[in-house]
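> Here is how the chains run, residue by residue.
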Amino acid sequence: MANNQTKKEVVIDYEAIAKQESFKALVRKKNSFLWSMTVIFLAAYMMLPILTSYTEILHQKAFGEITWVWIYSAGLFLMTWGLCHLYVAKANSYDKEAKAIIAEYENGGGRR
Amino acid sequence: MSFTAIFFFVAIVGLTLVVTWWASKRTSSASDFYTAGGGLTGWQNGLAIAGDYLSAASFLGIAGAVALFGFDGFFFSVGYLVAYLVVLYIVAEPLRNLGKFTLADMITARFNNAKVRGTAALSTITIVLFYMIAQLVGAGALIQLLLGIDYWIAVLIVGVMMTTYVLFGGMTATSWVQIIKACLLMLGTVIISFLVLLKFDFSIATMFREMATATDNGAAYLNPGLRYTNGIDTISMLIALVVGTAGLPHILMRFFTVKDAQTARSSVIWATWIVGLFYILTIFLGFGAAAFVGKEDIIAANPAGNMAAPLLADALGGDILFSFVCAVAFATILAVVAGLVLSGASALSHDIYGQIIKKGKISEKEQVLAARIGSITIAVISILLALGAQTLNVAFLVSLAFCIAGSANLPVIIYTIYWKRFNTAGAVTAMLTGLISALAIVAVSPNVWNPVEGAAIFVGEPLIMLTNPALISVPLGFLGGFIGTLLSKESDEAKYREVDVKANTGISVQDVSH
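Chains as they are written, first to last, in our numbering: chain H, 1 to 112; chain D, 113 to 626.
Keep in mind that the hints were calculated from the coordinates and are not lab data.
Because the structure is a prediction, the values reported are computed rather than measured.
One thing to keep in mind: the hints can contain errors.
As the list claims (entries may be wrong) - Result set (SDA-like, lysine to any residue): computed pairs, CA atoms no more than 20 Å apart in a straight line:
1. 90/H x 381/D
2. 477/D x 136/D
3. 24/H x 606/D
4. 30/H x 88/H
5. 96/H x 81/H
6. 212/D x 374/D
7. 137/D x 477/D
8. 311/D x 429/D
9. 19/H x 531/D
10. 311/D x 66/H
11. 19/H x 280/D
12. 371/D x 92/H
13. 30/H x 568/D
14. 90/H x 332/D
15. 607/D x 66/H
16. 371/D x 89/H
17. 137/D x 280/D
18. 24/H x 92/H
19. 607/D x 82/H
20. 99/H x 21/H
21. 99/H x 372/D
22. 90/H x 38/H
23. 96/H x 373/D
24. 212/D x 600/D
25. 532/D x 34/H
26. 30/H x 373/D
27. 99/H x 374/D
28. 24/H x 604/D
29. 311/D x 431/D
30. 19/H x 606/D
31. 61/H x 332/D
32. 24/H x 34/H
33. 137/D x 121/D
34. 607/D x 16/H
All chains, please: the whole structure from these sequences, using the hints.
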C-alpha cells in the first residue's frame, strides 16, 4: 500500500475492481455456492415441521423405540457440522482468489 | 442454602470479577470496549460465541421442554443449531467486511443516512430490551428459587453484576465471562449426561426403550405432537428460530471481535461444534429429568420446567452437583445479559449518539465515555422494566425478540449485500415493516389474549392463532423492503459496487486493522 498517504484510508478504485472479469467470476461462483447451499439446508430443515405436522412418516420406529424423527434430527446436526466445514474450506479458497484479484488490481494500473 | 452452593456462587462471582479487573486495564479505546480490540483468537471467540448463544433458555428451558414434552422440546435444539448455518452462509462475512462495531455500521456502509442508522439502532435496542427483560425476569425467578431471596434482590444482583462487567471490562471482560461460562456449562452438561447414560447402561437403545414407558405419555413421548399440535404454528416457530438468530444483535457483534476473516471462521467451527454437542446433550438432560425426577416434581418446582436440569443434577449427583449446576445457570444468565447490555449500548452510544447526534465528530475519549454511559442506561432501563414485569408471563418476549430480529434485521442485511437496486427508502421500510408487523401480530396473538384468565396478559379472544408471528412478519419485512425500494427512484450503483467489492474481498478491512 502507498506509504505517502497521510490519512489511514487508502483510496481504492472499487469501480475498477468490480469491472475485473476475475472479480465477477468470483462473485458468481460464491453466490451460486452460498445460495444453493442455503436453499438446500433450509429445505431440509423446514421439511422437519412439515413432515411431523402433516404426515406420520417420521413417527414410525427406526431402531427399537427410536423413531425416524430423531434420526432425521440427528441428520440435521450432521448436516450443520458438515456444511460448517464445507463453508470454511470453500471460503479459504475464495480468500486466495480475492487476494489474487486485489493483486491484479494493484498491478493493473487501477491506481497510478 | 448449603455451604457448597455458597462456595460455587462465590467462586464464580470472584473469578468473573478478577477477569473484569484484568480486562479493565486493557480497555482504553472504543474498539477495545465494543470489540475487545478485535484481539480474540479463534477458539476464544468460538467459546465466547457459544457462551452468548447458550442462554438460560437453552440450558434450563430446553432441558425442561424435552423433559415435559419429549421431542417437541427438542425442536428448539434443532432450530437454534441450524440457524448457525444461516449466520455462517449469508450474514457473517459480509457483515464483518463492511461493519465496524454494529449492524447499523454495516447497513450504512451502503446508505450513509441518519434515518437508516437510526432505524437500525431502534430495532437493535428494541430486540435487546425485550430479550433482556425476558432474561432478567427468568434470572430473578431462578435465583429467588435457588437462593431463597426476594425477586427484586435477585434481579438487582444480576443487574449489578452484568453492569460491572460491561462498564469496567467492556467486550474483553464480557467475552471472558462468556468463555468461562461456556466451559462450565459444557462441563456440567457432560457430567449430568454421563450420569444419565450410566443409568441406561450406556445404551441409547435402552434409554429410548425405557423412555417409551417412563412417562404417562407412553410411546407418544418419543414423537412430536405433545405440545405443538397446530402445524402452521409449529412451522412459524421453526422459521423464527432459524432466521431470528441471524439477526440477533449480540450474536452479530461477536464477528467483530477477531482480527481477520480466517479467525472469524475458525471461531465459527469451534462454536458450531460446542453448540451442536450441547444441543445433542439436551436429550439426555431432558430424558433424564423425565425419568429420574418426574413430571410432577419438575412442574411443582417451576411450571415452565425451568428447574428440570438442576433437579436432575440433585437426583443424580446430590448437593455438590446441584450447587454446581445452579452456579452454572447463574453464570449463564450473567454472560448472556452482559453481551446484551453491550450490544444495546453500542446501538445507543455508537450509532445514535456518536454517529447521528455528533455526526462521527467525537474523540476517542468521548466515545469510551459515551459507551459507558450507554451501558448504564441500557442496564438501568432493563432492570427497571424487569422489576415491573415480575408477574408477567414473559416467555413470549423471547419469541418476539427473535421475530423482530428475523423480520426487521435479516431482510435489510440480505438486501444490502445482495440486491443492487436496494436503496435508503427500502432499507427504512424493510426495518420498520418487520419491526411493526412483528409487534402488531404479537399484540393480537394468544400470547397477549387468552379467554382463560391468567393464561395471558389480557382476557379475550386472540385475533390470530399464531403464537409466533414469523410466518407472516418475516415475509412482510422482505416485502416492505421490496416495495419501499421500488417506490423510490433513488439508486446508487457505484456505491453498491463498492459494497460488493468490500463484502467479497474484505479489501477495506485491512484499513481498520487494530
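> Has the given pair, residue 137/D with residue 477/D, been kept, meaning a C-alpha gap of at most 20 Å?
15 Å, holds
> Tell me if the straight-line CA distance from residue 371/D to residue 89/H falls inside 20 Å.
Holds, because 19 Å separates the two Cα atoms, which is no more than 20 Å.
> For a C-alpha distance cap of 20 Å, please report whether residue 137/D and residue 121/D respect it.
Since the Cα atoms of residue 137/D and residue 121/D sit roughly 25 Å apart, the hinted pair is violated (cutoff 20 Å).
> Check whether the Cα positions of residue 371/D and residue 92/H lie no farther apart than 20 Å.
Holds - the C-alpha atoms of residue 92/H and residue 371/D are around 15 Å apart, at most 20 Å.
> Check the hint pairing residue 61/H with residue 332/D against an upper bound of 20 Å on the C-alpha distance.
11 Å, holds
> Taking only the CA atoms, is the gap from residue 99/H to residue 21/H under or equal to 20 Å?
14 Å, holds
> With the threshold set at 20 Å, check whether the alpha-carbon distance from residue 532/D to residue 34/H stays at or below it.
The hint holds at about 18 Å.
> Take the C-alpha atoms of residue 19/H and residue 606/D, compute the straight-line distance between them, and say whether it is at most 20 Å.
Status holds; Cα separation ~11 Å.
> Checking one constraint from the list: CA of residue 19/H to CA of residue 531/D, max 20 Å. Satisfied?
Holds, because 17 Å separates the two Cα atoms, which is no more than 20 Å.
> With the threshold set at 20 Å, check whether the alpha-carbon distance from residue 99/H to residue 374/D stays at or below it.
13 Å, holds
> Given the hinted pair residue 30/H and residue 88/H, is their Cα-Cα distance within 20 Å?
12 Å, holds
> Decide if the proposed pair is consistent with the structure: residue 137/D and residue 280/D, CA atoms, cutoff 20 Å inclusive.
9 Å, holds
Of the hints listed earlier, those the structure fails to meet are numbers 5, 11, 13, 14, 15, 19, 24, 33, in rising order.
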